[in-house]
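Q: Place chain B on chain A using the hints.
Listed below are the residues making up each chain.
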Amino acid sequence: MNCVKLVLMMMAALVVAGCTSTKQMADVGFVPPQGEYRLLVMRPDVSVGLLTAGGAVEPREDWTDQARGHLLAALAQQQASRGGMVKVAATREEAGDPARVAELERLHKAVGASIALHKYLGQSLPTKKDRFDWTLGQQAVEFGQASGYDYALFLHAEDSFASSGRVALQAVSFLGCMVGVCIMPTGGQQAAYSSLVDLKTGQVVWFNVLSSTTGDIRTPEGAQTLVRNLLGKMKPGEETRSAETLAGGKKA
Amino acid sequence: MPRRWPAARRRKRAIMGSISRRGFLAAGLCGCTLCWGGAALGKTASTVSPRSGPDAGLGAGPDALPPLIGPGYQPVDADERGLWQLCERLEEELSTSSLLMQMPGLRQYTQEVVERLLGAQSKDLRIYLLHDPAFNAAMFPNGMMLLNSGFFARVRNEAQFAAVVGHEAGHYARKHSVSGWRDRKSKTGFMAFVSAGTAVVAGASAAAGGNPYGWVDLANSINSMLVLSIFSFSRGHESEADLYGLRLLADAGYTPEAAAQVWRQMIDERKASAAERGKRYRDPARSSFSTHPPSDDRMKALGAAAEAVRAIAKEAGFSDEQDRWQAAVAPYQAMLLEEQVKVNDPGASLYLIQSLAQDGWSGLLRYFEGEIYRLRDLPGDADLAATAYGAAVQFEDAPPEAWRAHGYARLKAGQGEDGRRALARYLSLRPDAKDAGMIRFSLAQ
Chain A
0 MNCVKLVLMM MAALVVAGCT STKQMADVGF VPPQGEYRLL VMRPDVSVGL
50 LTAGGAVEPR EDWTDQARGH LLAALAQQQA SRGGMVKVAA TREEAGDPAR
100 VAELERLHKA VGASIALHKY LGQSLPTKKD RFDWTLGQQA VEFGQASGYD
150 YALFLHAEDS FASSGRVALQ AVSFLGCMVG VCIMPTGGQQ AAYSSLVDLK
200 TGQVVWFNVL SSTTGDIRTP EGAQTLVRNL LGKMKPGEET RSAETLAGGK
250 KA
Chain B
0 MPRRWPAARR RKRAIMGSIS RRGFLAAGLC GCTLCWGGAA LGKTASTVSP
50 RSGPDAGLGA GPDALPPLIG PGYQPVDADE RGLWQLCERL EEELSTSSLL
100 MQMPGLRQYT QEVVERLLGA QSKDLRIYLL HDPAFNAAMF PNGMMLLNSG
150 FFARVRNEAQ FAAVVGHEAG HYARKHSVSG WRDRKSKTGF MAFVSAGTAV
200 VAGASAAAGG NPYGWVDLAN SINSMLVLSI FSFSRGHESE ADLYGLRLLA
250 DAGYTPEAAA QVWRQMIDER KASAAERGKR YRDPARSSFS THPPSDDRMK
300 ALGAAAEAVR AIAKEAGFSD EQDRWQAAVA PYQAMLLEEQ VKVNDPGASL
350 YLIQSLAQDG WSGLLRYFEG EIYRLRDLPG DADLAATAYG AAVQFEDAPP
400 EAWRAHGYAR LKAGQGEDGR RALARYLSLR PDAKDAGMIR FSLAQ
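If you read the protein sequences in the order shown, they are chains A and B.
For the first sequence, the residue numbers in numbering that gives the first Met the number 0 are 0 to 251.
For the second sequence, the residue numbers in numbering that gives the first Met the number 0 are 0 to 444.
The following block holds chain A by itself, in its conformation from the complex (with noise of 0.2 Å):
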């Protein structure tokens, strides 16, 4: 009876595990927009793909298609209720001088690759520690200069689904852990982070990071999901750092 028990919670452990995390982070005056400003959301940067039974993620242009589409609508319908002026950017060439609006990009990538590294994945840099002060310098400030918009937000999301080889895979590993060897390949994964750029100064002056075992982005409702858990609350700077310290437990 025991292990039958054992099984029914396993297999519930499997089917309810899913869960969505996020962590917000913010220059320490940051409010959020608000009365009349300009915003200009950058072209997403979207990715879906199959998980393989082998653990790769393999790209799907469908899925991928699929899932630009729906999140675009959703950022769209989002933010045109907060009352700002809002321009979501389908293409480079929507939200400007393209070759100009590559090189932001491409800036934000490497900064945006730097925050999550520095800031969320532990390699925290002693001059960083206790601010959060990135950049994307007088690039970004001429680039506000030339398009009249006093934000930038830009959003990168990801998301795969299990094939039925790995879901196949799932279940064998599963029989592994009833006789003792446990070790379970991991199904399908959701990874978002967005960062908001004052294009005054440059600064970014908020960032947040989601990560989920659960939604599909490539339907309306996962993309809204998405957009509302990533983007939803903006919390002030005094609010995410102190949510930070007392996540981090370390400073007094």
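The hints are simulated quantities; they were obtained by calculation from the structure and are not laboratory data.
Remember, predicted model here, so these are calculated numbers, not experimental data.
Note that the Cβ used here is the ideal one computed from N, Cα and C, for glycine as well.
Heads up, a few of these hints could be off.
Label-pair distances were calculated between CB atoms; the ranges are [what the hints assert, rightly or not]:
1. D132/A / P103/B: 49 to 57 Å
2. S20/A / L99/B: 39 to 47 Å
3. D132/A / D295/B: 52 to 60 Å
4. L116/A / L99/B: 25 to 33 Å
5. E35/A / D434/B: 51 to 59 Å
A: Frame of chain A; chain B shown alone:
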């Protein structure tokens, strides 16, 4: 027992794992590089088993390799379309990169060679020339081809240039990216099942009081073989692309021996570089974990295939088109050599200069020879550099910088009059040079 990670750490791993995975995919999935440096190889190309490699081994003649795709090809299968989309994204970045060589003349010339080599299929390829002094070229499944400036710097004639372009075109025409991906996908999938199945069997066996390690050893040996076979499959692709390129080369009337010559030069350069550093030459491709066959074997296989082509096409006139090549590259040679010299690999750079000089020394070659010695800066190098600069300015085509270098060398040697004359010559050739003010100051002393 499962490894337990603290929740926060698990989350971080999950986030970054999936974000960085895409980067890996983009780099590893998308391109087939010529890979001189690569992670190298094990079995000799001629022993690559046709069973583990693609359809044709080196034993089959070049005609056994028809292109798998025709002009205007577009992918249909989901996995291939996904690969193309990934590569298109890379291409979007690349096409606006500041690393692109903005040299319409060279691009035009490259296009002409590609058309001569590939005919109708050349329209499906988009060629990008990149500032990168490494000797390399890369092909992507969607038709994007990268050619490094370091490749232009080393090639000696149009036939050698076409040999490498043909090799890369072979990857494209034979759809190596997608078949390599499918091979990896099925083998890694199988390996995952072997591991998971072993966990079950070993656990059950241990529970029954048996010894589980036999099962684990068995699984490890199966999976090791599969890993090796993935690399071997990739080496098979390289050999196939070599042969495919050779056929294109001969069909377009280029000297078929050019392909093997590229490898000869490459190996000699590597040996020179290693000797300079006091190291023994070792081919990084000579390993079972290499994606490319050993350079020496590729050279020999290409040489043998070239002989076979010669034997079949006795009456055909082949040409290496050296004059065309030299005329096309001459305006850019100073830029190409400067990039190489700044890599700070004096052995390789000297080898390159000396092999280019086999077609005759020039002021440009002598000047860069001097620069290599000056930058190496070993005892005696200053004299060698001075001699080279002195030789450079004897040539009509000596670059203005050679006069400057010669001038300073003469000043240091105490030949003030000579030195000042040379510096004045530099100023007259480059009145707007950035260092003109400083040199006028030196002359006024």
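Q: Would you mind marking each hint as holding or not holding in the structure?
A: Outcome of the hint check:
1. Separated by about 43 Å at the C-beta atoms, D132/A and P103/B break the suggested range of 49 to 57 Å.
2. Between S20/A and L99/B the beta carbon distance is about 41 Å. The supplied range of 39 to 47 Å therefore holds.
3. Between D132/A and D295/B the C-beta distance comes to about 54 Å, which sits within the given range of 52 to 60 Å.
4. Range check, L116/A to L99/B: Cβ separation about 28 Å, and the 25 to 33 Å hint holds.
5. Separated by about 53 Å at the C-beta atoms, E35/A and D434/B satisfy the suggested range of 51 to 59 Å.
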